[in-house]
Amino acid sequence: MAEEFNTEGMLDMYLFENTQLLERLQEIVLEQKDEECFDDDSINEIFRTMHTIKGSSGVMMFDEITKVSHKLEDVFYYLRESHPQGVPHLELVEHVLEVADFITNEMEKLQNGEAADGDATEIIASVDRFLNSIKGDKKEKEKVIRENVHEEPKQFYIAPMATSASHFYRIYLTYDPGIQLANVHAYKIVYALKEIAEDLLYYPEDIISDESSADEILENGFKILLQTQSSAEELHQLIQEGYELKKVDIYECTAKEYQQGFDAVGSEIRIDLDSSVEEIQEKVKAEREGSPGEPKEPEKAGEPQTPRAPEKIAPGDFVIESKEPGRAKKLAKDKPKKGEKATFISVDVNKMDQLMDLIGELVIAESVVLQNPDLRVPGLKLDNFNKAAGQMSKISTDLQNVIMSMRMVPLTNTFQKMNRIVFDVSRKLGKDIEFEMIGETTEVDKNIIEHISDPLMHLVRNSVDHGIESAEERKAAGKTEKGKVTLAAKTESGKVWISVQDNGTGLDREKILAKARKQGLLDPYKPDSAYADKEVYQFITLPGFSTNEQVTEYSGRGVGMDVVVSNLQAIGGSLEIESTPGEGSVMNMKIPLTLAIIDGIVMVVGNTSFVIETGAVKEFVGVREEMLQQDPDGQEFVMLRGEAFPVLRLGSFYHLPDYEADLKRGMLVIIEVDKENVCLLVDRLLGKQEIVVKPIPDYIRKVDGLSGCTQLGDGSIALILDPAGLIERCGKEQ
Amino acid sequence: MGENDVQERDTQKGKYVTFKSGNEYFGIQIQYVNEIIVYQEVTAIPESEDYIKGLINLRGKIIPVIDVRLRFKQPPIEYNDRTCIIVINVKSTIVGLIVEKIAEVVEIRDEDILPSPTIGHTDKVQQKYVYGIGKIGDAVKLLLDPDKLLNDEDLSLLEQASGDVAEEGE
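Going down the list, the protein sequences come from chains A and B. So the first sequence is residues 1 to 734, counted in the numbering used here. So the second sequence is residues 1 to 170, counted in the numbering used here.
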């Protein structure tokens with residue numbers, strides 16, 4: 001039981017649960033931000049969320065979070081109980097988001113090992129003002145509204161969800177002394193009560209594994225403390241006296257008595273708490289003395305109090321819950337309903353990576369066995385071996401697929417964050433913008449999600465800030481006043497496409513061209529018209545290129561698009577820009593599904609093996625010396641079907657030893673990225689293989705054109721080529 | 001657990017793995033050394049410093065290896081069956097050191113370690129990686145600072161590079 005008070009584990013749990021709650025909260029809020037008001041379900045859910053956060057923060061003694069969530073809970077309590085009309089909805093939304101931001105921020109600090117030292121006074125004050133203002137609006141109709149009194153004892157007692165309708169009972173069961181296995185009978189009762197319990201405690205505690213508890217029950221009876229919405233009659237229905245159950249006594253009691261446990265009434269009932277509980281008691285007392293009474297929220301004068309509201313509890317007046325079923329019930333109640341969802345467990349990402357690595361090793365080990373040179377004895381009969389080997393390959397492929405799918409997470413959360421950004425930025429800029437998400441359930445490797453969040457945020461911000469015009473401009477242009485930003489995701493041919501579309505002005509081709517000319521990016525002899533739209537739009541992805549004269553809070557400094565593109569390139573993705581003047585623009589991101597395992601072509605230059613992603617390879621061409629031509633700059637070309645492709649001799653490019661300078665047996669690998677081609681000249685091809693990508697150790701400086709390394713079937717190492725990097729590098733050298 | 005650590009460190013204290021490179025013997029504190037393996041085929045990494053020989057596959061882990069001779073600007077020699085790779089772990093960077101020959105593990109007491117002389121020898125490259133000279137009887141071992149051996153000027157290069165990036169990002 002002592003580990004229950006190990007705050008480290010508790011902190012992790014606290015952060016994890018509350019992060020999820022807050023995410024869900026934002027989702028609800030943003031979903032309904034355009035409505036007139038929140039619907040009842042949402043109000044309840046926000047209320048519950050705040051209540052849970054308040055409760056757990058109280059336990060963890062994060063006072064500011066407790067206070068601020070309490071304040072917001074008050075607001076929603078009021079909304080829930082009195083259904084006021086004409087609540088300024090957007091203001092409410094902002095308050096909720098403000099509180100959520102504050103808590104998120106504090107939790108980030110905690111996550112980084114800092115103290116949650118933020119000051120929520122201002123937020124509390126503003127929420128308070130808001131609460132008073134909506135209350136003030138309906139003074140005339142004033143009903144008796146019970147103030148939502150802080151019902152939990154603040155610390156140590158991991159509080160059940162006490163709602164005003166809860167009843168507290170003390171139940172004593174006396175069993176027929178003649179029956180066997182009284183503990184099992186007692187458990188049956190506990191099990192039945194779990195269904196209706198908000199909180200449940202019983203004694204003896206360990207009735208399942210401790211058989212001696214049966215005697216205890218027969219001797220002293222079985223005692224239950226129950227908090228529930230049900231009435232005493234319903235309880236009697238549930239626990240019926242029968243042949244084994246001699247007597248059922250159900251007493252209703254107050255919350256205070258309830259929290260004092262079994263000791264409160266009847267001195268004849270003595271409860272031997274086992275030593276560990278006593279230790280905890282000691283500890284709790286000590287801690288309590290160390291941090292004297294938390295500031296309690298000032299009660300509103302004149303507001304009647306809930307009769308059942310507990311007084312400030314005195315030291316020692318607490319109940320230690322251990323693994324009582326009541327708690328499980330509480331969690332189940334608090335978690336937002338998520339429809340039909342499978343059960344989840346959260347796993348340490350490191351363990352996943354480890355598993356991933358091991359499976360990678362397994363795949364390699366498998367090919368070492370199956371392609372073992374020892375098997376290549378002429379005349380060896382391998383029929384059975386091959387059969388078994390086939391079976392094994394199938395299993396390891398399945399295994400690989402499963403682990404890959406385990407790493408896949410839907411984009412929902414990322415998209416949700418964008419929703420928030422659109423909301424914030426559009427409010428600040430005074431633009432009215434509708435945000436649409438399509439295909440947010442598309443699944444992407446977790447590593448990739450981490451990498452696309454920033455670029456995506458940037459694109460969305462750009463769309464809202466630059467893309468969508470102000471309402472007046474839109475009206476003047478004959479467009480709907482409301483702008484629209486669409487975020488869409490889909491998977492296609494092993495890639496994920498994410499697009500950010502707006503129906504704003506679109507990119508100004510002339511402006512970009514003018515700017516590009518000014519910066520000397522254009523060929524002075526080439527007329528503007530010779531540049532295709534796509535080429536023109538690519539200019540905005542260059543560093544320091546911004547046509548925006550005005551620098552706003554959000555964008556316009558000319559950094560950003562280049563960062564977006566380089567972030568995307570880092571994970572093997574790319575950005576395409578489409579735009580129609582006056583109708584808006586579309587930013588298309590193309591991103592690989594996963595980074596961990598790629599399908600690659602293995603080739604050899606000299607002693608070094610290289611791998612290139614199969615997707616980037618367009619074709620292979622056997623080559624003879626006479627096919628190659630040189631232009632005056634020394635750049636080599638190969639003419640294929642009337643088209644010229646630049647040639648990159650990988651051997652001399654990387655100054656590799658022992659490569660075949662003689663072209664009799666060379667092989668050209670034509671790779672294509674973004675319509676740009678380059679031919680790699682290699683000595684020979686080894687074959688196609690699934691490879692597990694590993695990073696090149698940090699100790700070695702990054703080499704252009706190499707994106708990682710891998711282990712081949714024979715245990716040797718191959719370097720993974722990065723097609724985009726190679727093409728870029730090739731372009732630079734020209 | 002913690003106690004064991006302390007104990008282990010105690011038994012490792014003052015012990016050095018010594019190896020030969022050129023005409024001198026060098027020593028590395030044993031707590032940096034993960035293991036010693038015989039030389040295995042190295043996959044070269046293009047465009048890296050000459051002393052970085054490339055990558056090896058150490059039971060599924062890919063680690064970089066450097067040639068100590070080249071690091072000391074000594075002329076390279078052919079690798080033979082005496083050539084070993086000392087796998088060291090310095091601040092969680094795992095790197096293999098290719099050395100001509102492993103000598104032995106010796107114990108050098110702190111009082112037998114002299115600071116490395118700086119007069120007259122400053123032009124010698126290896127000098128800057130040596131933090132002290134250990135005496136064992138008449139023989140001396142040059143004690144290497146593995147951190148400097150791995151990083152040193154590369155680090156400043158790296159820092160410079162990242163500084164540039166940061167500036168661009170402003």
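Keep in mind the hints are simulated off the structure, nothing from the lab. Errors might be hidden in some of the hints.
What the hints assert, rightly or not - Pairwise CB distance ranges, derived in the manner of DEER restraints:
1. Q31(B) x M13(A): 32 to 38 Å
2. N80(B) x N588(A): 52 to 58 Å
3. R509(A) x K91(B): 39 to 45 Å
4. L375(A) x K91(B): 40 to 46 Å
5. N372(A) x N34(B): 55 to 61 Å
6. N80(B) x M13(A): 53 to 59 Å
7. D138(B) x E450(A): 55 to 61 Å
8. E690(A) x K13(B): 43 to 49 Å
9. V105(B) x P410(A): 51 to 57 Å
10. N34(B) x P695(A): 16 to 22 Å
11. G390(A) x N80(B): 42 to 48 Å
12. P410(A) x D81(B): 51 to 57 Å
13. N80(B) x P410(A): 26 to 32 Å
14. L370(A) x D81(B): 41 to 47 Å
Heads up, the beta-carbon is just placed ideally off N, CA and C, and yes, glycines get one too.
The hints, checked one at a time:
1. Checking the proposed 32 to 38 Å range against Q31(B) and M13(A) shows it holds: the Cβ atoms sit about 37 Å from each other.
2. Hint check: N80(B) to N588(A), Cβ distance near 57 Å, so the stated range 52 to 58 Å holds.
3. One distance hint, 39 to 45 Å for the beta-carbon pair R509(A) and K91(B), is violated here, with the actual separation near 52 Å.
4. The beta-carbon spacing between L375(A) and K91(B), approximately 44 Å, falls within the hinted interval of 40 to 46 Å.
5. Checked against the hint of 55 to 61 Å, the C-beta distance between N372(A) and N34(B) comes to roughly 29 Å, which is inconsistent with it.
6. At roughly 58 Å, the beta-carbon separation of N80(B) and M13(A) lies within the given 53 to 59 Å, and the hint holds.
7. At roughly 59 Å, the beta-carbon separation of D138(B) and E450(A) lies within the given 55 to 61 Å, and the hint holds.
8. Under the hint 43 to 49 Å, the C-beta atoms of E690(A) and K13(B), about 47 Å apart, fit the expected range.
9. Distance hint check: the CB atoms of V105(B) and P410(A) are about 55 Å apart, consistent with the given range 51 to 57 Å.
10. At roughly 20 Å, the beta carbons of N34(B) and P695(A) sit within the given window of 16 to 22 Å.
11. Our hint of 42 to 48 Å for G390(A) and N80(B) holds, since their Cβ atoms are close to 43 Å apart.
12. Restraint check, P410(A) to D81(B): a C-beta distance of roughly 55 Å satisfies the suggested window 51 to 57 Å.
13. For the hinted restraint 26 to 32 Å between N80(B) and P410(A), the CB-CB distance of approximately 57 Å leaves it violated.
14. At about 31 Å, the CB distance of L370(A) to D81(B) disagrees with the hint of 41 to 47 Å.
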